[in-house]
Amino acid sequence: MGKNLKSLKNWWRVTRPSKVILFFQWLTAVIPSAMTVLGAIPAAEAISCLTVANYKWAMIYLALAFGCEVISIISWEIEYRIDAAQLGRIYPRIQEQLFKKVFSAEDANFKYTSKEKMVNVITLNIVTLSDFCDYLAYKSAYLVEAIVTLVIIFTTNVYVGLLIFGIAIIVYFLISVLNAAVGRQSMAIQSERDSLTETFADIVDGRKLSTDLNIKDNLHNKYFGKVDGLMKHYKKRKNLKSVRDNWVYLLYTGIIMLCSVYLVSLVKADAITTTLYLIVTPYLTSAITKFVDFFSVLANLEDANIAALRVKTLLDMSEQDIIEFGKNSTDKINGAITFTNVKYSSSGKLDNSLGEIKMFNTQIKKGEVVLFEGVRNCGKRALFYMLRRAARPDTGTITFDTINIYDFDAETYKHNISYVTNKPYFFNDTIIENLKYVEKNKKKIIEACKKVGIDEVISALPNGYDTNLSQNQSALSAKDKFLLGLARALLTKSEIFMVYEFPVGLNESEQKTIKNVLNKLREERTILIFCATNPVSDIIDRHFLFEKGVITEQKVETRNRTLRSGKKDTFSSVPTSYFEGKLSKK
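Whatever position you read off the sequence shown (first residue = 1), add 162 for the working numbering.
FYI, nobody ran anything at the bench for these hints, they're computed from the structure. Do not rely on the hints blindly, as some may be mistaken.
To be verified - Straight line, CA to CA, 27 Å or less: simulated DSS-like cross-link-like pairs of lysine-lysine:
#	residue 1	residue 2
1	394	277
2	263	710
3	527	277
4	527	494
5	511	263
6	585	279
7	263	277
8	394	430
9	511	527
10	262	511
11	171	585
12	710	505
13	165	474
14	527	505
15	527	262
As the list claims (entries may be wrong) - Now the in silico label distances, taken between C-beta atoms and shown as ranges:
#	residue 1	residue 2	range
16	221	353	36 to 42 Å
17	353	430	57 to 63 Å
18	655	171	49 to 55 Å
19	171	511	28 to 34 Å
Cβ coordinates follow ideal geometry from the N, Cα and C atoms, glycine included.
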C-alpha cells in the first residue's frame, strides 16, 4: 500500500492534472457504473414478469433496462471528450517544460541522457501520464460499483457477502505482487528500448562508414543482441500478465461458481425467491469482477510511475548557473576584445571537461585573425565557452570595446558574436529553411552563400536550396557543410566571428578555399580560430598556444596587412590609452 501511495504521489507531482477536469472524468465514469448496477434490477424483474405472463410490465422493465444503457453510453461519450481535454492540458505543458529545460540545462547533463531517450520520453511517457487520469477516473468508478454490489449481496446472505469480500482482499494482494513484478519488467523494457533506439540511430548515422570498414556483421550482432535482450523482458512480462489475468481469474470464478451452487440450494429450500436469485447471481460475478477491474489500476499506476520517473529525470536536469545579463543594447561594436586577468577552472563543476585557464591577459584589435591552438583538455574550449557566455570566468573580465560582455542584454549579444564548428548542426529541413532561421530575406541568404563560396555547390544540386539536409546527408561534403555553417553565422551580421576546429580530412584545395573565405571576412570582422593544429599560419595575425592552462603568445611572421586583407590596418574606436598599463603580453 505504501509503495502504491508513493507511486501515486510521483505521478501527481509530475503530471499536475486539472482537479476540476479529473472530478468530471470520475463523475462521468461513475454514472455508467451506477446504471450497470441499477439496470440489472429491471432486467431481472422483466424475467419474473414473463414467468407469470405479465407482458405489459415485462416490456416496461425492459425499456427501463435499455434506458440505463442509453444513459451509460451518453455518459461515456462525455467522459471521452473530457479525457481529451485533460490530455490537451497536460501534454503541451510538460512538452513546454522539457523544451525550456533543453536550453537551460548544463551541457554535462546530456552526457547521461541520450537524444533518443528524450525522444522516447516525449513520444511515449507523457501520454502515459495523461492516460492515467482516465484510468483513475473510471476504475475508481468500478470500486463504487463493486461496493454497491457487495452491499446488495450482504442484504441477501451475509456469509456469501463475507466470502466475496474475502476473495477481493486475496485478489488484491495477489495482483499487487504480480503488478510489482510486471512493473520491474516494464522499467527494464523502457531502458532496453532506449538502448536499442540509440544503437539504431548510430547505425543509421554510420551506415556508409560501416560498409566501408566492413563491420556490418559486427553491428548486426550488436543490434540484434539488444533486440534479444528486449524480447526476453517482453516475454517475462507477458508470462506475468498471463498469471495475473488468467489464473487469478480462474481462481475467483471457481469460488463464485460454488457460491452460485449454494444460492441454488437456498432457492430449493425456499430460503430465497427465484427473483432474488436472478438479481443476486449476476452481482456475484459483477462484484468480484469490478474489484479486480479496480485493482488493475495498480498496473496502470505502475506504468504511470515509470513514466513519471523518466519525465522527472529530464525535468530535474541541473540548470546552468543563472547569469544576470545587463541591459546594454549597443549593437554597433567594432570588434575589439580585451581579456583582463581571466582565470577559469572546470574542476568541481558539473561539466568538468572544459579544462583550466590559469591567467590570461591580452587585447585583440578589430579585424585581427587570431589562432588559439591547443590539444584536448588544454583550456581552449573553456575560453570558447566563456566567449559564448556559456561559462563565466572565475576571476577577471572579458570586454568588447571596453564593455563587459555580461553588460550586454542577451539579444544584443547574439548579434555581436557568432561561431561555427567543424561539424555544424543543421535542422531536419531544407538548406533555405535552415538559413531562414537566421535571416528571412532569400536575397541576403544567397549573397552570404556566394561570399563563402557555397552558392555554386548548392545551385548544382537537383533541388538547389530546397535540398533536405537530413534526407540527403551526402549532398554536401564536410567542407561544404562547414562553409554553409559559415554562411549561416555571417547572416547574424556579428562583428566577432569564431571558428571552433576545422573539418577533418580536408585536402589542400579545400583548406585553401576556407582560408580565402576567412581572409575576405576579416575586412568586416574580428576572427578567432580555435584549433588543435595550425593550418592557417599564412592568414593569422596572432597565435596563442595552450599548454595545461597556460596561454603563451607565439611569434607570427611579420607581414604587411595590406597583402593579407587588401586594406590598411585599422583599429576600433577604443582609445589606445585604455589598454596601456592594463595588459601584459605573455
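Comparing the hints with the structure gives:
1. 394 with 277: Holds, at roughly 25 Å.
2. 263 with 710: violated (33 Å)
3. 527 with 277: violated (40 Å)
4. 527 with 494: The hint holds at about 15 Å.
5. 511 with 263: Cα-Cα ~19 Å, so holds.
6. 585 with 279: holds (23 Å)
7. 263 with 277: holds (13 Å)
8. 394 with 430: violated (54 Å)
9. 511 with 527: Given that 27 Å is the threshold and the Cα spacing comes to 32 Å, the pair is violated.
10. 262 with 511: Holds, at roughly 22 Å.
11. 171 with 585: violated (44 Å)
12. 710 with 505: Given pair residue 710, residue 505 holds - Cα atoms ~13 Å apart, limit 27 Å.
13. 165 with 474: Distance of about 18 Å is within 27 Å: holds.
14. 527 with 505: holds (21 Å)
15. 527 with 262: At roughly 37 Å apart (the allowed maximum being 27 Å), residue 262 and residue 527 break the hint.
16. 221 with 353: 36 to 42 Å: violated (60 Å)
17. 353 with 430: 57 to 63 Å: Given about 59 Å between the Cβ atoms, the range holds.
18. 655 with 171: 49 to 55 Å: Since the Cβ atoms of residue 655 and residue 171 sit about 51 Å apart, the hinted range of 49 to 55 Å holds.
19. 171 with 511: 28 to 34 Å: Taking Cβ atoms as reference, residue 171 and residue 511 lie about 33 Å apart, which means the hint holds.
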